[in-house]
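**Student:** One letter stands for each residue in the lines below.
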Amino acid sequence: MPATSSERPRTLFDKIWDAHVVTRSGDACLLYVDKHILHEGSTPVAFSALRVSDRRVRHPETMMGVIDHTIPTRDRNLVPPSAQAKAMMEAFHRDTSEYGITIFDEADPRQGIVHVVGPEQGYSMPGSVIVCGDSHTSTNGAFGAFAFGIGTSEVEHVFATRTLWRHKPANMLVRVDGRLPDGVGAKDLALAVIGRVGVAGGTGHVIEFAGSTIWMLSMEARMTLCNMAIEAGARAGLIAPDEVTFEYLRGRPLAPAGLDWDLALAGWRTLPSDEGAAYDRVVEIDAYALRPMVTWGTTPQDSVALDGVVPDPVQEPDPARRSAMQRALEYMGLEAGMAVADIRVDHVFIGSCTNGRLEDLRAAASLIQGRHVADGVTAIVVPGSGLVKAHAEAEGLADIFREAGFEWRAPGCSLCLAMNGDVLQPGERCASTSNRNFEGRQGRDARTHLVSPATAAAAALTGRLAYPLADQDGAR
Amino acid sequence: MTPFTVLAGTAIPMAENNIDTDQLCPKQHLLRLEKTGFDRALFSDRRFDANGVERPDFILNRPPWRDGSILIAGDNFGCGSSREHAVWALVQWGIRSVIAPSFGDIFLQNSVNSGLLAIRLPKETVNALVHEAESEPGARWMIDLPAQGILPPRGERVPFEIDPTRKERLLLGLDEIALTLRHQREIDAFEARQRREAPWLWRATRF
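Protein chains in written order, with this note's numbering: chain A, 44 to 519; chain B, 46 to 252.
Just so you know, the hints here were simulated from the structure itself, not pulled from any lab data.
C-beta: ideal position from N, C-alpha, C; glycine also.
Some but not every residue of chain B turned toward chain A, in silico, with C-beta under 10 Å: (1) Pro71; (2) Glu79; (3) Cys124; (4) His130; (5) Val132; (6) Gly149; (7) Ile151; (8) Ser159; (9) Pro209; (10) Ile232; (11) Pro244; (12) Arg248; (13) Ala249; (14) Arg251.
Just chain B, same shape as in the assembly (with noise of 0.2 Å):
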């Protein structure tokens, strides 16, 4: 996972309610067997007729912003399907970094495991945010992760909050299997006592 430290570059004005993992990575990239190759799959629907050319219209084909880094967007931000596809499909396409306010919880759980910093920030915010974004299009902004503070390129600095583990997670890139593998004396324990206690949570499917 590549570490998040300071992201500079051009944020995108989405202020859409609910854009579900539906929109952000369609099924028929699913079948995929690998982690990579899903920058074509961003919002693919909606980027691209049936034919496969780009609609001109939509936002992340028009410039300054096909080349943004930032998407500012609505409410409940990558609600629905599990798919972490979603969160591979912004990173893969240049997107490091959602400013909406409030995401799906999956999304949320699967942005931090593949490098996407989510932030949550109350809804009069993200409105200054996204008035700013559409009157200074392509202006340079810049997210501090380690100083927990985004710069606009005119307004004032906006602080947010982030779970301290999240934010490590991101700066150093971590694996998190092998943090929690720290922990495996515990896990051995709580399996030896659930073991003795409620042997059916046990039973082998094999049968």
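Bound-form chain A, shown alone (with noise of 0.2 Å):
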């Protein structure tokens, strides 16, 4: 929707913001919500709740949904889901056709990652305001849109009204200026964001990415880093829409069409913030100091530069943070001051709403072509959906990754869950392309260190974290 003029210069997400509310009660807007996407993990009860009450989906034409989180990655003939996982995607069938929704299932050759999906068929579009029950929304915040996730109680409300009722956020600007180096990628600055920033340091804030690194970042990489906007604590992130937005959206299924895409440009291109709009917080970075990054721990800002070492929670002064580090130590069996080069790895996943796109899969593939996966290390690709595995093949990405011994499964959330059955075991230690490292994320007492596409190609083919670039033990 065009933005509307105004005297004080606004952000991009003030104007998103002022195009949506609908209505005021104190300090609260009724904040209406374009998009909504569905995945079959957080709506059972929702749908439920809403048959009890005897509501209906206002306008469920609009809506789409997708089966990722519970679905089997393995050959799908052979390896049948839970018994459990399988009475949630049934139930997800029977409720998107009860109330009308479009979704693309298990047999649907577009399934896949909703943050991967939403983008892929021009769902997410500029200056819409989308929502879905899962936290990685923010993934779509990458188009300029305020994009974020609900909880259950929540997707029932924008089934039943499409709006929900929220306090402005704050506006926070994270400026990126200067070259990524050689080797270092979203993931690798979005890790330094939070480690900047700190995990709660996003709280009650949107965050807008802007600076000279950032225009010249892809769609995709744009994805990845405000896929993890969340991880800051932020209620958002988003990127200004700029010629690369329009040029990925162009004929995509959903996006606009002949007219449309001309009105719809002419208003989108007014979404930029405004010269001299305020920011509650500005936190700048420089890209060029940037290296490719990996967590020692278990919360998202447990990161440092994978040349350093673990780091030593003695020399840490705040007693509360120094007792976390200690326990993230013990749980992740490292010690204080050891390389973080000579950190072992039994697993390697590639994939996620974070880093499981064609470029992602590029980007592995390219350091592993001709070599092989380490011995005792099993790594997975598992694409974020049935388009991206398709292109992957088509390119001949998957044969280089089945030649140098990973597995090539089928899309879906996978490992990065973990409720689908790929799980790790207790003390497995995994390189992951995902986007939380929380304890017994990826399995019980299972180990993660989060990583960008590339390194945890390295980490493949060496059987630790190694440096993506560095000439090493068989890495590039």
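Take the two lone chains, each set in its own frame, and fit them into one complex as the hints suggest.
**Tutor:** In structure tokens form, the structure reads like this:
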């Protein structure tokens, strides 16, 4: 929707917010929701509640859904889902069919992770308000949208009213300038941002990413960055739409077409933050100083450069932080002061809504061509969607992975949250391109190191958290 | 939703930062299709060992805290996944209020929708309350939502702030959808205008 004129310079987020306020009650605004995308994991209770109260879904024809959280990623003809997962998928089929909502189910070639499929289909649009019962909905902010995760009660609320009550979050600007060094990608940038802001630093804020580094990022890289905004505690992350955004969207199945495209584009071009717009907090980052990053602990802020060492809690002045670090080291089975490059891994996971897109697979494949996964390492690639998978197979990436000894899987959330049967055993250690290294995230007592796809590839080849470009032990 | 008025009970001190919703309700419990049966899910990977046996050293397994109804925690409580199951697990286990210096945004939103009172207080105040809960185990605390105050067993009354709408919804156990649908006409008007000005947002997804 075209932004309205205003005397006060406004941020991108201010403009989207202002254009979606239906009414107010005290400080709270009733915010209109344009896009509601569903997955099977967070909807059954919402549909049941709707049924009990005899309410209808408002405009079901404009919603869409996918099956991603519980779906097996091994050969689906050979590996049936667990009974509980099967029941959950069946409930999703039944509910969405009853209420008239289009879904990409397990048989659909376009099925995939909700935050990969929405953008891929052109469902995510600049200037819109996008919600989903999943915290990584922030991914869609890469299009210049206000996109955020909600709980089941609010999924039900959006079903029934197409709105949500919200207090307006504050604006934070993360400005990144300069060229990213070789081997450093959007994931490393995201971990560096979280390291700077902290996992709670973004609470109550929406983060706008801007600066020359951001303009140079592809749409897929922007999605990786916005995906991780929630890990800094932010309500959402977003990036002003530009030609990169428009080129990505043009011609996608649900993107505006014909005259609508021109009208939409004219509106989208007014979205970027006005000169002089005020931010409540500004963080500046020099891209050229960044290194490939890895997490050593159990929150996404516990990160160091790959060529660094595991930090020593003794150096930490804050006692609460110190004891949290000690606990994290114990859980992770690491010693303070050891070189990160000496940490050995048992598993490598390439996939998820953070890093399961085509460019991610290309980045990993470019490092492994003609090489082989190290002995004792299980490495899997789980494409973010059926379309990503098909593209990767068509351009030969799947063969590169398979020949190198990776398992090439079917699309789904998989080992990012380990509720589909892909799960690590206690004590196993994984270099993972996903977004959370929380205790137990990939399996009870399993140990997760968050990394970029390039670093994950290097880890698979060397069996260690190796530098993705360094000439060491088989990695290029 | 059960209305929340005055809560009396034991306070559980758990001064860790970043207690995420994966810990509060591990993923294996997310496959339930009902909103019930989550009491065992709360902190289950920390409460129980791999064989499902209670770990006696975990605070929620130790008297008097195993009967607690107030949790006092560190910064960024409920961060991470949007799973509302984390709130259901807390409430169904018996915790009706969490006191912390800060909360994950989505958790905060979910808490009011499932009848849990999340109280945000300055870090020093929370630290003092943790200390009191540790030094007076099992003592009776009161949380008075109408008067917006915490009454620790010994110390002085601690006032807290809460958004008036959230307070009213907790007090009355109100269904938010019914309240929102009072604005049906404004929603209709918004939609009519948007359909005119941005019809592409209304494109049907069946294709």
